[in-house]
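Participant: Sequence:
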Amino acid sequence: MTQIEQVRNELSTQSLQSGALFQTLESYLSDQIFQRDAILASKTWLDLNIFQRPVVNDIYTGQKALVSANPDTGGNRNDLLATIQYFGYLNDLVTSYGGTLLIVNVPHQSSAFREEYPEYLEIDYTSMDQDNQWMAKTLETMGVPYLDMSSSLLPDYEKYYSHNDHHYNLFGAYETYLAVMERLTPVLGDLPIFTEDQFTWKELSEYDYYGSRNRKLYMLSPFPEHGVYYEEKNHLPFRRYDDNKETEATVFHIDEDAENPRINYSLYMNGDNPKTRIETDREELPDLLIFGNSFTNAFETFAYHSFNTMTSLDFRYYEGETLTHYIMENRPDAVVCIKDNTSFYNLSGMGARYGQR
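Residue 1 is where the sequence shown starts when you use the numbering used here, and the numbers rise one by one after that.
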């Protein structure tokens, strides 16, 4: 008797009441999902290796990296203007009590690897580049501190970006950290900088890096990649709180107990969290607030070394007060927004909701 025949035979009022039908149905669906994944993985392998299709599962396989076949290349400038005006409001709020705001624009992975795209895909970043230049000029006119990481990351994008994921890698995050600290130290004073002589780069060579692009290809990426982390030479003690609950004091997460451990961008800060706070008990140093999107995660693994406390709010998930209310209540010395260049066309992750600031 096949599983589906067993499901039909058990379809009765008694089986519904006892739950037996649902147990059988769950077993059937689990097998179907497994078989479906196996079939799709096989099809993906054929598309990549036999038919050699350039675009598979909405991923373009370039010469150097996996990139989105349909990347965001621009948006509505009126939507961008709303974001700019919001930044102006935040800047007025933060500076009103003596704090400093910094907006950080990080190129998205597909944007960084734009040279990978063939002409026939008609991927054109001209509109987004123009919008980014316009945003930079407008924010400068408004007096809002702004940092565009393009000039720092794009000249050596193969070093600073994942070849299998839509984020930068830890090297890119470190360059961003150094650039941010270069902007903040003249305002906040002599802050401790976590320099490369204080830590050692490490590669998780025993684990493959399963980035977001690679997952769409069922882990069949032709570009080998491993997770990267660092080891401090002199450990800085700290306490970590996720959603106000004390958790393990670490900024790198590896699930070594998993049957088949896989490393992805969640290696950094254990992925996206609504609220994370790190306390280092160095009261002489300023307090930092970070918000934006998941590009903050890898950045955070460095940033806490330079501040007394570091709080990160991900308003895509955080259901507490709005960003402005949090700022007014806590008055952080520095407020840093880190987002990729595709995400400034909406207020997602900005801490404003229901039309409120």
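Don't take each hint at face value.
[Said to hold, decoys possible] Calculated lysine-lysine pairs in the PhoX-like style (CA-CA distance at most 20 Å, straight line):
id	residue 1	residue 2
1	K202	K159
2	K216	K64
3	K202	K245
4	K64	K159
Hint data in this document are derived by calculation from the structure and do not stem from the laboratory. A quick note: this is a predicted structure, and the numbers were derived from the prediction, not measured.
Participant: Broken hints, numbered, in rising order?
Facilitator: Violated hint: only 3; rest satisfied.
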